[in-house]
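**Q** Below are the chains, spelled out letter by letter.
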Amino acid sequence: MVKAVDGVSFEVAEGETLGIVGESGSGKSVTALSLLRLVPDPGRVVDGRVMFRAADVLKMDHEELREFRGSDVAMIFQDPMSSMNPVLRVGFQIEEAMDAHQRFSHKQARERIVPMLETVRIPAAPQRAKDYPHQFSGGMRQRAMIAMGLSNEPSLLIADEPTTALDVTVQASIIELLRDLNRERGMAIILITHNLAVVASLCTRVIVMYAGRIVESGTTRQIFNSPQHPYTWSLLRSLPRVDEQQHDRLLNIRGLPPDMTNLPTGCKFHPRCRFRVERCFREEPPLEQVDPGQLARCWVLMRNALKDEVHD
Amino acid sequence: MASVPGVALPEGYIEDAYDMPEQVTLWQDAWRRVRRNKLALVGTSIIAILVLMAVVSVFWTPYPVWKQAVGPTYAGISAQHWLGLDAAGRDIFSRIMGGALISLQVGVGTMLIVSAIGIVMGLLAGFYRGAIDAAISLAINIWYGIPDLLVVILLVLLFGRSLANIAFAIAITRWMDMARLVRGQTFALREREFVEAARSTGTRNLVIIFRHIFPNALGPILVQATYAVPQAILFEAFLSYLGLGVPPPTPSWGAMAADGFHALELAPHIVLAPAIALSLTLMAFNFVGDGLRDALDPRMRR
Amino acid sequence: MTRGTLIYIIQRLLLITFTAVAISSIVFIGEHALLPGDAFVSERPHNPRELALLLHHFNLDLPLPQQYQLWVTGVLHGDLGESLVNRGVQITPLLVRELGTSLELGAAALIFTVGVGLTLGLFAALKQNTWIDYVASSTAVVGYSMPSFVIATLLVLVTGKLFYIWTNGAFYYEIGWGKPTQILVPAIALGFPYASIVARLTRASMLEVIRQDYVRTAWAKGLRPRIVIIRHALRNALIPVITILGPLATGILTGVVVIENIFGIPGLGKEFIDSILNRDYNIVIGVFTFYAALVGLVNLGVDLLYPVLDPRIRY
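Protein chains in written order, with the working numbering: chain B, 1 to 312; chain A, 1001 to 1302; chain S, 2001 to 2315.
Watch out, some of these pointers could steer you wrong.
Label-pair distances were calculated between CB atoms; the ranges are [as the list claims (entries may be wrong)]:
1. Ile2026/S <-> Arg1161/A: 17 to 25 Å
2. Met260/B <-> Arg2226/S: 33 to 41 Å
3. Gly1160/A <-> Pro42/B: 53 to 61 Å
Chain S stretches covered by chain B per the calculated footprint, using a threshold of three residues with CB under 8 Å from any CB of chain B [stated by the list, open to error]:
4. 2227–2236
5. 2296–2309
These are calculated hints, taken from the structure and not from any lab test. Idealized CB from N, CA, C, for every residue including glycine.
Could you build the full structure based on these sequences and the hints that come with them?
**A** Here's what the structure looks like:
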């Protein structure tokens, strides 16, 4: 049995934007899918709770769960082309999202299709509603997916790598859209990505995952300005930064992502870590507070590691 | 190797590199997967038995295949006659063996002809495109509109009821499936870099087709060929059931089933023996075809 | 119906007409060139004058190109000539009647194929790896490996002998063609192998579609399970099934020939075999014409179904 996610715990406050960052295989997508109980077979959630307001999602029966999905919490996925049914019209797919729940009557649902498309800034919305997904461009498809997610006015939107499949310029516009939606509607967003730049422009808090565990969490400012976990630090050092005064050489992270069926003992990151000590080989560190609001899972911590060395 | 000023790399850093996964070729991988597929193994065993029976029947059968009245007509299963006797008193087991030979000959023969025609047409259409492809594709579309059973019956009647004619007639009406498959494969392979590379060194087209494209299409071709055998055997069975296949007394399973139909209630073994033989044979080839198809499917690589 | 679709239909219809005429022409020429005058050999030898009259009546004493011209003109007017063996019987109305019979049988088989096949495949996929799945899949695997005459034989055995024994003579299934229930056994025998193919394909297709992202999206939207399965999964899973519907329908049309012979059903298939054995070549040519047109039209029908299901396809 492989534990894709082990001991992950976090909260999202109303109207907050949280970023979950990690490599492929870090468990971030599985975490997000678990929130809606969408983990595909043969995967299962074996333990824990998913609390939405006062209710535990994992304990809901099928009808409650169905009602919960898409109306209280909505989710959008990475590849909008494969995430939309190719044989149904886009407008219809938005309408059926509303029809499935109680919030709007059938008539209201039909009337909301075009306004929803306009909210996500799709031009010529009335005509577009009658089109099929393959007639849309990549960015527009993702907007349509967002419209589907928004249609029942959820309190929380989970976005699983919404920009990964898109061009860079289109990415920016999608992130901007999400930011505006968060501000205007007070809708909380969980953004899952491997792209730190995207996190910086949208999220107020960040969680960094590695090998199915949270290795660091904190506010965006804390994570970007003083990352304490070597993995986070390495991630940041591997990005070119326009805003920095001093331009060091870019670093890569040695090694390959961990084999989840054969995890190393001790700290799961130690085989690739530049700052490891002997203890890292034997014991896995717990997730502990390093500053108010910032947690890290490391024996060494970057503030200690860099202090020991002398710069010239 | 980039290094951070002032930060040393720990000891043994490089040695923690990960192992490369084991490399296998497509054929090695396919072979392993086929071996694990139980149905395919069962199918192969049945085919082996079939081939054995067919080959042996050329030299020997328990009783002569054509000899009538070796015992009481309609006799049931017994120690001397493992599958009983038919309406003319012929030993059914011997005739099943003979029928195996016929079926295999038609099956394999048709498959070879279909492959020859289909592969050539497919390669030409897929590689040269343009007018050649348009012509071949038109031919394929037209041929699909031909009622195959009727044409085969007619051809066989016009040109004689021999095994070779039957094989040819069936092949002439069914080459399109192979051709379409090979055409599709050629289309795709044509755009691959190794073809571009071969072309840039001045390799001639024919060489490219046969040395580069054809071997890479071999997998799906083999699968299609494997499916072609039971299709042909089925066809021949239909023909001989209607009395239009190889002329008696050559035993063909279809003809044997037709002969026994009138005695279905009194002596079901006369129909059941060839019926079961046919079904098992067809199933066996279908299993092997399925096994090959799954084994060669690149998506399912572990 | 867009202009493009209309053009496509017209193109296909032309192709069908061309193919039908071409095939029949080839058969015509083949028969008349290779087996002239054979039709009357089976009858008692007439005196030369009667024979000459017969030949003249059927235009068989004319040179081949002229015969062909006369025949083609006739065909394009819908007149396929007269039966050589049963003189006085006009072929076209005869074949039209028999066409109706064959179509009934073929349609019944098709309904069985699609209905049973889809249902079986769907349930096997939804209940994967349960006993329902194993039973359905095994039946399918066996089913498509059995020639339809084998299935017909087994069905006849079961419905004839066994039903009789089990119900102590109260229930007896007669083979023939008169009562509406008599279409059942031939249709099932004809359709069973194809239903198996459809079941296998539907199952495989559903299993793949269910793992697709858009089905996950449908669950994430909180849609009702029935809607997810039918509107999202099944609808897309049917697309590969439609692609084989053409060859499948053609296969049913050819299987009709054998089944009609077994059950003595007076359709085109039986007519074909009878005419071949009677050497009634005019009818043989007529059957070919009908059959070729039928196959073409059925394929066209299936191809037109495609855009209905998958709006990405447009002609």
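**Q** Using a Cβ cutoff of 8 Å, are there at least 3 residues of the region 2227–2236 of chain S near chain B, or does the coverage claim fail?
**A** holds (count 5)
**Q** Holds or violated: 17 to 25 Å for the Cβ distance of Ile2026/S and Arg1161/A?
**A** Roughly 20 Å apart at Cβ, these two residues keep to the hinted range, so it holds.
**Q** Check whether three or more residues of the region 2296–2309 of chain S sit with their beta carbon closer than 8 Å to a beta carbon of chain B.
**A** It is violated, with 1 qualifying residues against the three required.
**Q** State, for the Cβ atoms of Gly1160/A and Pro42/B, whether the hinted interval 53 to 61 Å holds or is violated.
**A** holds (60 Å)
**Q** Check the following: the C-beta atoms of Met260/B and Arg2226/S are separated by a distance inside 33 to 41 Å.
**A** holds (36 Å)
In this structure, only the earlier hint numbered 5 is contradicted, and the remaining ones agree with it.
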